[in-house]
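Since the structure of chain Y is provided, determine the placement of chain S on it from the hints.
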Amino acid sequence: MPKTKRQIVEKESVVVKFVGDSGDGMQLSGSVFSDSAALAGNDLATFPDFPAEIRAPQNTVAGVSGFQVHMGSEKIFTTGDMVDVLVSMNPASLKSNLKWAKKGATILVDTDAFDEKSIEKAGYKQNPLSDHSLESYNMIKAPITTMTKESLKDLGIDNKTAERSKNMFSLGILYFIFNRDLKMAFNYFEERFKKNPKVVEINKIVIQAGYNYADTVEALESVIQVGAAKMPKGRYRNITGNVATAWGLLAASEKSGRPLFLGSYPITPATEILMELAKHKSLGAKVFQAEDEIAGICSAIGASYTGSLACTTTSGPGLSLKSEAIGLAVMTELPMVIVDVQRGGPSTGLPTKSEQSDLLQALFGRNGDGPVIIIAASTADNCFNYAYMAAKLSMEHMTPAILMTDGYLGFGSALFRIPKMADMPPINPPIAKANDKDYKPYKRNAVTLVRQWAIPGTDGLRHRIGGLEKENITGVVSMDPMNHQIMVDLRAAKVEKIADFIPEQDIDGNKKGDLLVVSWGGTFGAVHSAVKKAQAEGKSISHAHFHYISPLPKNTEKVLKGFKKILVCELNSGQFVNYLKMKFPLPNFHQFNKVQGLPFMINELTDKFNQLLEEK
Amino acid sequence: MDFVNTTIERSTVQLSKADFESDQMVKWCPGCGAHAILAAVERVFPKIGYRKENFCMISGIGCSSRFPYYVNTYGIHGIHGRAAAISTGVKIANPKLSVWMATGDGDSLAIGGNHFIHVIRRNVDINILLFNNQIYGLTKGQYSPTTPMGKVTKTSPQGTIEHPFNVGELVMGAQGTFYARVPDNNITMMTEAMFEAAKHDGTSIIEIMQNCIIFADKAHNDVIGKEHKDDNMLIVKNGQPMTWGKNNEKGLILKDTMLEVVEIGKNDVTADDILIHDAYNQDPGIHLMLAKLAPPHFPMVFGVIRSAMFPTYDDMVEEQIKYAKETSPIKNVDDLLNSGDVWDIK
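Residue numbers (this note's numbering), protein chains in the order written: chain Y, 1 to 616; chain S, 1 to 346.
Bound conformation, chain Y alone:
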C-alpha cells in the first residue's frame, strides 16, 4: 500500500503499453504486469508488438518492441485501440507510439535514455521532453537508468547487468500507479528465475525501488483502481492463441483416442504452436520438425493414413507451399488439421503483423475442385475450442480442415476459462473394423458420405490410396469420365453435409434491421465492441460473426436476408465478402477493409456504420 494517501480513481478499463528497444525487456514487463492484473481479478487481453528482426539497430524506430495490456472490471474484447498509460524506455519508442496515446494519457519516460544521439537516431529534431510538444500529456519524467544503478550499488554487480534491470524500475512505478501488490511480481520472479536466485534478488530490489520512487514523486496525484471483473465462476488462466491452439489439438487427441502427430516447419507467427506441442511428449504427442513446409504436411498425411490425429501448422507462405499436399489429403479423404496463423502478405509480407488475407487461398488455393473444412477462431482463448472442433470435424468427416487464426490472436493473450475434459464433446472417427469383408476404401456412410478410416496393421483391410482419381467405392485407379464427375461431386457434397453438424449462425441483436455487420476470425473483439456501442445508441444494427467458413452455417442466407444493408468488415481487400456474394448473390453487400498489418479501431468501424446508416 502507498505510504502517502493518494486519491484513488476507479476505472472500468485501462490500456497500458510498454515500449522500448527490443533488448529492453518489454515483453517481460508486460507479462509480469498482465499476470498481476489477472490475479487481481481483471479481465484482460494482451498483445506483444515486436519487430521482425531479433535485434534491429539499437535506438531506432525499427527496433521498437512493445507489449500492450488491456485490463478491465468489465469484459474485455480487444487489446485496446488507444493507450491510457504509455511506458517509454527510449526516444524511438516514444516517437513511434505517441500516436497511440490518448490525449491526457500518462506517459512514463526514462530521461536518461534521451541523450542527444538517441534523440537524433529516433528522428527527432530536438528533445521532445523539453520542447513543449508533450504538454497535453501527464508526463512522468524519471531518471530510470540512474536510479536503477543506484538501487543496485550495494550488490556490486557490473553496470551492464544493472542497466538491464531498468524495465523493472518502470514496472515498479506502474505497480504503484495501479495500486498493485508487489508480492505478485515477487512470486513471478521466484517462479520464472528459480534457477538463478541472483536475478530474482536484482529484480525484487529494482521493482521495489521503482515503487518507492513513485510513492514519493509529486507527479502522481492519484492511483488508478481497476476492480475485479464479474466473470462466470470457474478456474481461469491467461493463454495466448497459439498455446490455446496447441492445447485444443492435444484435447482432441485425448478425446478421440487418436495419437497426436505434428509435422511442421518454423514460421512466424505460427512457430509457437510447434514449440508448445514439442513440450508435451508426456501426452504422447509426436512432434516432427520437418525439413520444409511440404515435408511437414506430407509427414502428417503419412501419420494420418496410419491413424493419428495429424496436424501441420503454418502461416500464409507455408500454406502456399502445402497446396499440392492438401490436394492429396482431399483426394485420399484423410483427416488432418492445417493451422494457418495468418500474417501480412503476399510473399514474405509482414511476418509479425496480422492480416486475414489467406481466406481465398484456404478456400480455393489448390488444383482441381478440392473442398476442405475451414474454421476460424475469434479470440485467443477460443483458439482452444476451434482447434478442437477442427480436429473433431476433420476426423469424423474424413476431410482435411484448415483452422484459421492470425498473428494477432496467436501472439495475443486472453483469460481462458478452463474446461473439464469430461465436458468436451465426444469425437468418434469412423474407424474400419478388422476383417470387415465388406470394407472398400471409398465405400461411404449413406448419410454423411464419409468413408472409413482403415488403419495399417489391422487384419484384413489392406488397401492402397493415392493422388490418382479412384473408382467410387472400390478405390481402384480410374480415369473414367463419369466416375470422376461422381467423385468430384461426392467430395463436395461430403463437405456440404458437415453443415448439419455445426451450430447455426447466431446474430447479436435483432434478426431484422437496417444494418448487419458481418465479420470473421480475429476481428471479433473490435467489431463486437463497435456494434455494441452503436446498439447502445439505439441504432438498428446487428452483428453476425462467422466461425464456420466452409461449409457455411445452414441459415446463413436467412441471416443475411433480414437486413437492408450488409457490411462485411475484414482485414484484407474483400475476400469473405466476395465468397458470400458468390454463394448468395444479394444486391446489398458493402465492405470495409483494411490492410495495414493493424487491427480495426473501434472508431473507424463506428464511422463506417454511421455512414451506411445515414446513406439512403
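Derived by calculation from the structure, the hints in this document are not laboratory data.
Warning: the hint list may mix true and false statements.
Said to hold, decoys possible - Quick list of in silico lysine-lysine cross-link-like pairs, DSS-like style, CA-CA up to 30 Å:
#  : chain 1 : residue 1 : chain 2 : residue 2
1  : S       : 331       : Y       : 279
2  : Y       : 95        : Y       : 121
3  : Y       : 433       : S       : 52
4  : Y       : 281       : S       : 96
5  : Y       : 183       : Y       : 195
6  : S       : 27        : Y       : 440
7  : Y       : 195       : S       : 325
8  : Y       : 255       : S       : 322
9  : S       : 346       : Y       : 255
10 : Y       : 583       : Y       : 608
11 : S       : 52        : Y       : 443
12 : S       : 346       : Y       : 420
13 : S       : 226       : S       : 140
14 : Y       : 437       : S       : 17
15 : Y       : 594       : Y       : 103
16 : S       : 47        : Y       : 437
This structure is a prediction, so every number in the text was calculated from the model and none was measured.
Below, chain S alone, put in the same frame as chain Y:
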C-alpha cells in the same frame, strides 16, 4: 541371421508370394526392369516374415511410383518427390510397420532431393527402393539427375550439360547408414539386398540399376550386360575379399589413400593382399570410395556396400516419449489445463 528389430510383429503362418500379389493389372511396359523389382519384392516380403498387414508401401510419382498398386500391402501413392516425407510420417506414427518406399531418380533426386537427404540424415527406419533408370520415363524421356553428362534426350538435344549425381556418394554425404547397389537383371541379388535392408535398423537405400526399355534402353548395359558384367561388376559380400573377373583374378587393394586394381598372381600380388569388405564399419571412408568406382578404370561395385549401426530416429522418438511419460507430472490434458498459474473465480 536373425532380425534385430523386434518391434514389428511377425507372422504366425508361413506367407508366400501369393499373399502379396495384387489384383491390379501391372501397366509397366513389357520388358521394363520394374517387373523384376516387383518379382523380387513379392519374393522377399514372405521371407522377411512380418505379418502381411504390417507392410506399408509408399511412393511418389513416376513409373516406379505405381508400385504400391501392384503389391498387396497397405500403401499410399503420393505426390511427386514427397514419398520420403510421407514415409517418415508413417514410420514415426507407427514404428510397428515395415515401411517401404518405391521411388525413382527424378522423384527422389530432383523434385524430392530435399526429403531424400533429410530422411537419410535422420536415419528413419524405412527401406527405399530407388529405381535408377537415368531418365524421366512417365513424362516420356527427359534427362534426370542421374543421366550421364552429354546424353541426348528430349530436353537435351545437344546432350546434357549437367553433372549427374552418384547415388551412393549422395547417400554417404547425407550420413547414410545403409547403401546397396543392385542390377535389375539379377533377382537373387535384389532379393538378398532387400532382405539385408529389412534387417537394417535405419534408412536403407537400395539403388536398382533399372532399365527403361523405351527411353534409355541399355543405359546400364556396359556394366551389367551379360557380355560386360564379369569385367565391370564387383559384387561385394561382407567379410569376403573384393575380387571379380572371369576367374576372380582381379582385386582391389588400398595403396596410400587410394583404391587400386590389381591382378592376383601378377607383380607378387596374392589373394591375401586383397581388401576384405567390411560393410558394418561405421566409418564411411572406404564405402564412399567403393560407391564412386566406375569403368573404365575400375569396376562398378554392387551388393551391400554399407550397413552401419546407428540409432534410428523413430526409436529415439519412442524413447523420449517413454521418458517424458515416466517423469512428467502432466499425465493427461486435464493436468495440462490446470498446470502453472491458474486461479478460481467463485
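**Request:** Could you tell me which of the numbered hints above are not met by this structure, giving the numbers in increasing order?
**Result:** none
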